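Student: Take a look at the letters that make up each chain.
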Amino acid sequence: MEATIEVSGLRKRYGRTTALDGMTFRVRPGRVTGFVGPNGAGKSTTMRVVLGLDAPDEGHALVGGRPYRSLRRPLTHVGALLDVGALQPGRSGRDHLLWLAHSQGLGARRVDELLDLVGLAPAARRRAGGYSLGMRGRLGIAAALLGDPPVLMLDEPFNGLDPEGIVWIRGFLRSLAAEGRAVLVSSHLMSELQDTAGHLVVAGRGRVVADVGVDELIATASRARVTVRTAASPEAARALAGAGATVTVGERDTLVVSGPPAEDVVRLLGACGVPFSEVSAYRATLEEAYLDLTGGFSGVVR
Amino acid sequence: MTARLLRAEWTKLRTVRGWMAGLAASSLLVLGLGLLFAAGGHSSCSQGPVEVPCPTPPLSRDGRAVEDRFFFVSRSLDGDGGITARVTAMNGQIRLPDATPGVRNVVSGVVPWAKAGIMVKESTKQGAAYAAVMVTGAHGVRMQHDFTEDVAGSAGGAPRWLRLTRTGETITGEESPDGRRWTTVGTARLTGLAHRVRIGLFAASPGDVRVVRNPLGGSASASRFTEVTATMDEVTVRGAGTGGTWSRDDIGVELGPDGNPHHPGAFVGNGGTFALTGTGDIAPDTSNGRIEHALTGVLIALVVVVAVMVSFATAEYRRGLIRTTLLAGPRRGRMAVAKAVVAGAATFAFALPATAVTPPLARGILRGNGVFTLPVGTLTEVRVVVGVAALLAVAAVLAVALGLLFRRGAAAAVAAITALVVPYVLATASILPDEVSRWLLRLTPAAGFAVQQSIPEYAHVIGHYAPAAGYFPLPPWAGFAVLCAYAVVALGLAAYRLERRDA
Numbered sequence: 001m002e003a004t005i006e007v008s009g010l011r012k013r014y015g016r017t018t019a020l021d022g023m024t025f026r027v028r029p030g031r032v033t034g035f036v037g038p039n040g041a042g043k044s045t046t047m048r049v050v051l052g053l054d055a056p057d058e059g060h061a062l063v064g065g066r067p068y069r070s071l072r073r074p075l076t077h078v079g080a081l082l083d084v085g086a087l088q089p090g091r092s093g094r095d096h097l098l099w100l101a102h103s104q105g106l107g108a109r110r111v112d113e114l115l116d117l118v119g120l121a122p123a124a125r126r127r128a129g130g131y132s133l134g135m136r137g138r139l140g141i142a143a144a145l146l147g148d149p150p151v152l153m154l155d156e157p158f159n160g161l162d163p164e165g166i167v168w169i170r171g172f173l174r175s176l177a178a179e180g181r182a183v184l185v186s187s188h189l190m191s192e193l194q195d196t197a198g199h200l201v202v203a204g205r206g207r208v209v210a211d212v213g214v215d216e217l218i219a220t221a222s223r224a225r226v227t228v229r230t231a232a233s234p235e236a237a238r239a240l241a242g243a244g245a246t247v248t249v250g251e252r253d254t255l256v257v258s259g260p261p262a263e264d265v266v267r268l269l270g271a272c273g274v275p276f277s278e279v280s281a282y283r284a285t286l287e288e289a290y291l292d293l294t295g296g297f298s299g300v301v302r
Numbered sequence: 001m002t003a004r005l006l007r008a009e010w011t012k013l014r015t016v017r018g019w020m021a022g023l024a025a026s027s028l029l030v031l032g033l034g035l036l037f038a039a040g041g042h043s044s045c046s047q048g049p050v051e052v053p054c055p056t057p058p059l060s061r062d063g064r065a066v067e068d069r070f071f072f073v074s075r076s077l078d079g080d081g082g083i084t085a086r087v088t089a090m091n092g093q094i095r096l097p098d099a100t101p102g103v104r105n106v107v108s109g110v111v112p113w114a115k116a117g118i119m120v121k122e123s124t125k126q127g128a129a130y131a132a133v134m135v136t137g138a139h140g141v142r143m144q145h146d147f148t149e150d151v152a153g154s155a156g157g158a159p160r161w162l163r164l165t166r167t168g169e170t171i172t173g174e175e176s177p178d179g180r181r182w183t184t185v186g187t188a189r190l191t192g193l194a195h196r197v198r199i200g201l202f203a204a205s206p207g208d209v210r211v212v213r214n215p216l217g218g219s220a221s222a223s224r225f226t227e228v229t230a231t232m233d234e235v236t237v238r239g240a241g242t243g244g245t246w247s248r249d250d251i252g253v254e255l256g257p258d259g260n261p262h263h264p265g266a267f268v269g270n271g272g273t274f275a276l277t278g279t280g281d282i283a284p285d286t287s288n289g290r291i292e293h294a295l296t297g298v299l300i301a302l303v304v305v306v307a308v309m310v311s312f313a314t315a316e317y318r319r320g321l322i323r324t325t326l327l328a329g330p331r332r333g334r335m336a337v338a339k340a341v342v343a344g345a346a347t348f349a350f351a352l353p354a355t356a357v358t359p360p361l362a363r364g365i366l367r368g369n370g371v372f373t374l375p376v377g378t379l380t381e382v383r384v385v386v387g388v389a390a391l392l393a394v395a396a397v398l399a400v401a402l403g404l405l406f407r408r409g410a411a412a413a414v415a416a417i418t419a420l421v422v423p424y425v426l427a428t429a430s431i432l433p434d435e436v437s438r439w440l441l442r443l444t445p446a447a448g449f450a451v452q453q454s455i456p457e458y459a460h461v462i463g464h465y466a467p468a469a470g471y472f473p474l475p476p477w478a479g480f481a482v483l484c485a486y487a488v489v490a491l492g493l494a495a496y497r498l499e500r501r502d503a
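Chains as they are written, first to last, in the working numbering: chain U, 1 to 302; chain R, 1 to 503.
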């Protein structure tokens, strides 16, 4: 099966609320695609439509070229993590994976492999009701990977995780994408996708606002600005502004300069005798790039 | 696909300890309440001041408990032969409820199933094979044999000519208004009938069953003594070995403490005219305990099964597990069916050992306590045992269907109990008029309880055939089919709703 997700012209209304308003995008294999946007942008609804849980009023969604509900042994095609809390509290984590495995014609051995892989083996035979949010997240990832699927969809997998868990999932997602899988990860916090997503689908009010590569997005947002680190920032700012540059004050002892290229900045500061410790090309954070991108879009700014 | 879904649902069911414990408890409830019922059943009988073992009813050739009480005036017959007689009149007396307490209130009259006529019987032992043609109080001429078999002749009463002819194992009964024009009422085949049999005249009169409404709206019945005196003449007996004298047998008469017979029959022969007085009946015994009484725990087990299976279904919705389930098996109708099938099969597997073991154990305990349980054929016992386990299984299917439909445990459990348990309790608790009870057990899922009825209604035996007495308005499998229909419809609705709605 081709490792793709295609979403095309999805529309869906719940009563008077429009949840999806022509949502269209395509997720390609080999990279992590971040699906971002504020709460209520239609990310979860889109995922549920892709997974055949909700029916769209219009449009269609295909996984590997086929509607989800036509898949035999669907977990071998698509792995999904929707809600880490969707567990029977009285059933052990291992048994939760076991019934899922049995539904796909898989056995207990595959379950134990995954428990080792996600590091849940020691707690596997305990009641899932007693699991921490982090353990539930690991169990959810294990469930998604059970059928070794080429396509993965994770809805807000970082929610409630401790920093260690977040780092773990990021690394995990990168390596899964590196294996050639298509990985779609939704999040309402850009910072969570930093260094993880290679591509972004930005949703707002039920449609796609931007569908863009992360490198391209950051390059655009960075806009050839220069970072200056100096202990004498007032003097530096005065000198640079005097030469016609636009200066904003950044984090501790830094100035962000737009206008002159880095060589001109070094020359100017040297000429004015202002000491500095570093001059470098400015690199916007993913969050900044995202805000930059969606700044004009009232539905996204929070 | 479906096999995988079944396996997954079974894994789900067996991995929640509470559910398995519930199923085990339902099984133990059937056994435990059955044994408790048996241990609590006692009967003691006395002969005057002396306690004696309670008599057990006689058994017919096929092992059925029967009532075999009548007055028999007979001769011996070797091989083929026959008897002809004319029943000229039937009179009798009926004891009514005492108008003044302690003062017998007896009126003259003949009960509808009082019988007088002619009979071939293998011996004078109770339960021995027989065939008879007779005139009844209000049901015309009948040909009956082996206690359960009854064929109607003409509707007229006495006077009436009757003729019985034996050819090998075949007995033919005929009737005539005048002794010249004969019509066949019926033939009976008494397999293995001995060469030498008894042939003669008989009279019997079953108890007068009266059903009274109780103040709550239900009814109770009471049976009171009656006897019939039949006058017969034109008696001729044909065949080898019939030349002896008439012997008189008050078949099945009980002896009082003083050693005298209780309600004795009588025979007065005056020239060619015979007057026979008899009481009792020649009929299957329906008054003793039944195997299904040992399965009373099923009602409580049913409530437990419903609770477990409703939870099994609604657990999907309590924490959004249904989405995971539908991701694993997106063809939703099949998922609903797989869940229901697993629920039914697991319930059946837990219930069957209990329903199989409880009746024989209870029967043994009751026998030790002097209580007789009506024996039934192997097929009937298997039907009751398997049927009651299947009743629980289908209830489990219904509970799963309602759980998937309502999505909330309390609502689904209330619906299932209201559909299954409430009508059954109302119908059998003797608080509703009989006809209302019967309709409840025809129309509601509680009709399925009919599968446990081991003793059928007999049209030719008067009795209070009401749900309160364990008689269901539908035949066992028909009642069970009603329950199945409800389960199938509910499951269909649940599947339809699952398919149509977002999860």
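Wrong hints could be hidden among the right ones.
Looking from chain U toward chain R, a few residues come up when the C-beta cut is under 10 Å (computed) [unchecked claim]:
1) 60
2) 64
3) 68
4) 89
These stretches of chain U come out as covered by chain R in the derived footprint (C-beta under 8 Å, 3 or more residues) [unchecked claim]:
5) 191 to 205
6) 261 to 267
Take a look, some chain U residues computed to stay more than 10 Å from chain R by CB distance [what the hints assert, rightly or not]:
7) 9
8) 15
9) 51
10) 54
11) 55
12) 69
13) 88
14) 91
15) 143
None of these hints come from the bench; they were simulated from the model. As the structure is a prediction and not an experimental result, all values here were calculated from the model. For each residue, glycine too, the CB sits at the ideal point set by N, CA and C.
Student: What hints, given by number in increasing order, does this structure fail?
Tutor: 1, 2, 5, 6, 9, 10, 11, 12, 13, 14, 15
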